[in-house]
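Following the hints, complete the assembly by docking chain V onto the known chain L.
Number of protein chains: 2
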Amino acid sequence: MNLLSRILPVWLVQYRRVNLWPDLIAGIIFTVLVIPQSLAYALLAGLPPQVGLYISIFPVIAYAIWGSSTVQAVGPVAITAIMTFAVLSPLAAPGSPEYLTLAASLSLISGALLLLMGFLHFGFLAQLLSRPVISGFISGSSILIVLSQIKYLLGMTPPGEDTWTQLNSIFQQLSHVHSATLMISMPALLVLIYARYGLTRLLRCLGFTSSHAAFIVRIIPLLVVLAGTLGVVCLDLDHLYGVAVIGKVIEGLPGFKFFLPDYRSIQTLAIPALLMALIGMVQGISMAQSLAIKRQERIDANAELVGLGASNLVAAFYGGMPVGGGVSRSAVNVAAGAQTQLAGVVSAIVMIGVVAGAAHEFARLPLAVLAANIIVAAVGMVDIKAFRNAWHYDRADGLALLGTTGGVILLGLEGGIMLGIGLSLATLLFRASKPHVAVIGRLPGTEHFRNVERYEVQTIPQVLFLRIDENLFFGNLNAIETRLTQELIKNTGIQEVVLVMSAVNQVDTTAMEVLSELNRDLMQRAIRLHLAEIKGPLHDRLRHSPLLRVLSGSIYLSANEAFESFSTVNNISTAKL
Amino acid sequence: MNLLSRILPVWLVQYRRVNLWPDLIAGIIFTVLVIPQSLAYALLAGLPPQVGLYISIFPVIAYAIWGSSTVQAVGPVAITAIMTFAVLSPLAAPGSPEYLTLAASLSLISGALLLLMGFLHFGFLAQLLSRPVISGFISGSSILIVLSQIKYLLGMTPPGEDTWTQLNSIFQQLSHVHSATLMISMPALLVLIYARYGLTRLLRCLGFTSSHAAFIVRIIPLLVVLAGTLGVVCLDLDHLYGVAVIGKVIEGLPGFKFFLPDYRSIQTLAIPALLMALIGMVQGISMAQSLAIKRQERIDANAELVGLGASNLVAAFYGGMPVGGGVSRSAVNVAAGAQTQLAGVVSAIVMIGVVAGAAHEFARLPLAVLAANIIVAAVGMVDIKAFRNAWHYDRADGLALLGTTGGVILLGLEGGIMLGIGLSLATLLFRASKPHVAVIGRLPGTEHFRNVERYEVQTIPQVLFLRIDENLFFGNLNAIETRLTQELIKNTGIQEVVLVMSAVNQVDTTAMEVLSELNRDLMQRAIRLHLAEIKGPLHDRLRHSPLLRVLSGSIYLSANEAFESFSTVNNISTAKL
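For the protein sequence lines, the chains are L and V, in the order given. Counting along the first sequence from 1, when you hit position 135 you're at 122 in our numbering, and nothing is skipped either side. Counting along the second sequence from 1, when you hit position 241 you're at 228 in our numbering, and nothing is skipped either side.
Chain L with its partners taken away, still in its complex shape (with noise of 0.2 Å):
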């Protein structure tokens, strides 16, 4: 029992009966839902539709072993698959044996540097992406996405690989459009956004309970795909009109393939699947913490590195597709009553019997249907609000966000976010440099100072406390110091300056230099220069440093030692606003 509960998972050893039935029904309902965009991924990853099945099986049970999230269902997912096309189909034609190997080998190589950053503790880097960024990037994405998808609605097949000179074509030659095509295609569309931003009030008017409906909404897009297969079958759409099918799904349970990506393979596949590996953790991670959130759990951001790292790397031998913790599968997930990781493992057993018997069913599934099935999904995560929010809140951050979604759409994936990097950090830097500096007094009957210009405070005309609200670096003594020759300017009677730095958490090598030079020129106008509240940190450091030696003021522990010190020989007057 000792030996089982060191190789079984966690959370199998502490298996709790009352979870076992919940956990068997939702992984069936679970997989029957999955099917249509698991196969629709595949595709939109360039790769033939079985592969999206295979990589739902093993890459599933290796999460459910290392993985940290309980409910997170990982798989093929959109943001994957659309990276996925955008890297491989530059390097290779889709659907050819070197594609297949590349994507294989993108799913390896990214799968390792998972591992690799698991292992080393790294999960801190997605905090390299700010929210803006990443939710810019996932806007920006689904846009792609719905762009891509709109000549499988058309029925149309533009030449060019390149999404934006495939609209163009199909612009030229609107009159072209499939009709057929187009009967099946639009009332798919319409049923599923009427589904999605709906049905979901109806049923709620026609007594349904919130849990109920919802899953009657997810329902729905299965219900679609099954209808339209059911209407190519019966009126024969394919072979009659050249309705475009799914075609040939092959059957059978994948083989373990083992390989190693040559050398010229890592050489141009290490960039991408790093960025690819960035953007898994970053998504998985923060869905399986919103998820534990919701469900009163914690989860360890290394070990979900791991679980994805080592998923991908059974996907990169299984199969041969990246996979991703995905937004929608693991609502999916929830929404049928997964409890825990047990419903994946039944999900990827379940999905064992389709391959093996099953699957060709799908071989005339309409292409049209599964593209309005992409797009309404890929429209629901254009994050509108949060752009709103983020716009609201903070200009700068609204604009990294419309950036990066500009920047992925007109520059692509990499581009796209290296801008939004860009831009978020280029924010932070302006900020920093115009600093808040404010005139502080002390609040009449108590020890805290405030700025003279929002609270009445008292002030002794002889001292300035200045309080810098920043850390001192090399790009902001300028502002700084022109704020102080201000106030000097202002106030010709001043004899102490007290710089207040109970804001300041980092002074650098340039600001320490600019002080003591701030210092000697004071001195030169018999004007002597305090410090007060300087943290215990900075205090360390500063000790040894020729600005404490040359220092012409005293160090005070706090403004009100300071105003206490000077208000002996001073009068106090009380400042009006």
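One or more hints might be untrue.
To be verified - Here chain V is said to cover these stretches of chain L; the calculated rule only asks that three of the stretch's residues, wherever they fall, bring their Cβ under 8 Å from a Cβ of chain V:
no., region
1, 378 to 384
2, 416 to 426
3, 452 to 461
4, 484 to 497
Unchecked claim - Which chain V residues face chain L? A few, computed with CB under 8 Å, are given here:
no., residue
5, Arg118
6, Gln493
7, Gly523
Claimed, not checked - Computed far set for chain V versus chain L, every beta-carbon distance over 10 Å:
no., residue
8, Ser76
9, Leu227
10, Gly393
Derived by calculation from the structure, the hints in this document are not laboratory data. The beta carbon of each residue, even a glycine, is placed where N, CA and C say it ideally should be.
Showing chain V alone in chain L's frame:
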């Protein structure tokens, strides 16, 4: 008079007679002293020697009119010269007509950029470069200068344009050293080194005042040059032994050559010119500032930009080589006793005389002696003390300095400075991502709060006061959450968490959302989250954010207000260190 005072520069209108005599003498002495380095820096830039004299005339007058420093001397300087050579030598053969045109274009473009930055009040851009990066850049360039001069010392003409290629072939053919040249260069080098590092002490022992001693030290390079030239002339070393000399120095005033660079040159030179303008700006402004501090004057960064820009524009048309504010030139000017900009004007007039009638005397000046001069000056610019100070005060700044120096030497001037900027930005971000977070308590008898690990303070066991010493942004939220979790695990009885925001100046969108989630998370554990000492500008921003709408606790003006409100219902305990 009114009209005149509007046209003439302020210093001339307010000119005091007492300065006239010192300025006249200083102007004459200065001119004689800087002739050798002016010739040398023109050669260093890959231009004919007389160009160094030309740009010591009208650009100096332009700076006297528009510049803001009283004693800064502009003209040919080492950094600008080596940057010119580095930029142009891959584009054209040094000394060729295209090269001369490109050098003039470079001067024109960087002058125009400086003027533009001055008019647009872009002086703050100088902040982009931290002092360690500037210092590292100057040290690196100086080392490059030293390396580039070794061939002249040894009297060798190695093949290749690039310094490293030349050094390589020098080392492979060390036996081909030109011994006659060595007989001149080694004594010159030794005398110059002694003059710089040992002579002052000797002179002081002999009873000279320190200003006299400094003056004598500054004259030595000129004497060495004269001795070297006399040696060549008397012993006919150039013709008999093939010692390399300057060669023909064209006499006569430079003509005014107006031109506009063509589109292609603008395209090629725009980035180097911008970099040059930036470095010129930083060096010029910091030089002017340090001189102004010593003389208790103020300089205006933007006027300084206009002065440097005008000076470079004039240099483009009258000579054709970029100019800058020189460290050693300015030191010579001050040592010679200059009081106002008039000294510069006098020096320009004297230089006209030299160019018109005496320039040919320098034709037989041995290059080896000039190289020895340049090397000693360049070695003096390698600032080891700056590195030691930065390293001692702040490892990261020390590394940025070292990285910039190494980058300049190995990757070239542009690569080096980019590396330096990258390193200093990375340092900033890395620091901000590891914030200092302190559990704080009240100093007994005060309203002042301090770290419980550093002071004996009062605490309330049920209330955790956490002071975050950094702006909250996407890069450091994990660290803060981790710390909070640790504290909650350590003290299981905590019911209230007060985040003291006195040191938080910015809360970006990601941080605002994470705080909202943290609030919800804590609420589920029956812990309330409070905020205290939110800064005015931050409070304005947060006021309408989702965070304040959902906050489970209160917002306190000060930590003490929070402490008072909790201490009425809880016991206060005094923490022992």
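Results of checking the hints against the structure:
no.: 1; hint: 378 to 384; in the structure: holds (count 4)
no.: 2; hint: 416 to 426; in the structure: holds (count 7)
no.: 3; hint: 452 to 461; in the structure: holds (count 5)
no.: 4; hint: 484 to 497; in the structure: holds (count 8)
no.: 5; hint: Arg118; in the structure: 4 Å, holds
no.: 6; hint: Gln493; in the structure: 6 Å, holds
no.: 7; hint: Gly523; in the structure: 5 Å, holds
no.: 8; hint: Ser76; in the structure: 32 Å, holds
no.: 9; hint: Leu227; in the structure: 54 Å, holds
no.: 10; hint: Gly393; in the structure: 18 Å, holds
Consistency with the previously given hints is maintained throughout, with no hint failing.
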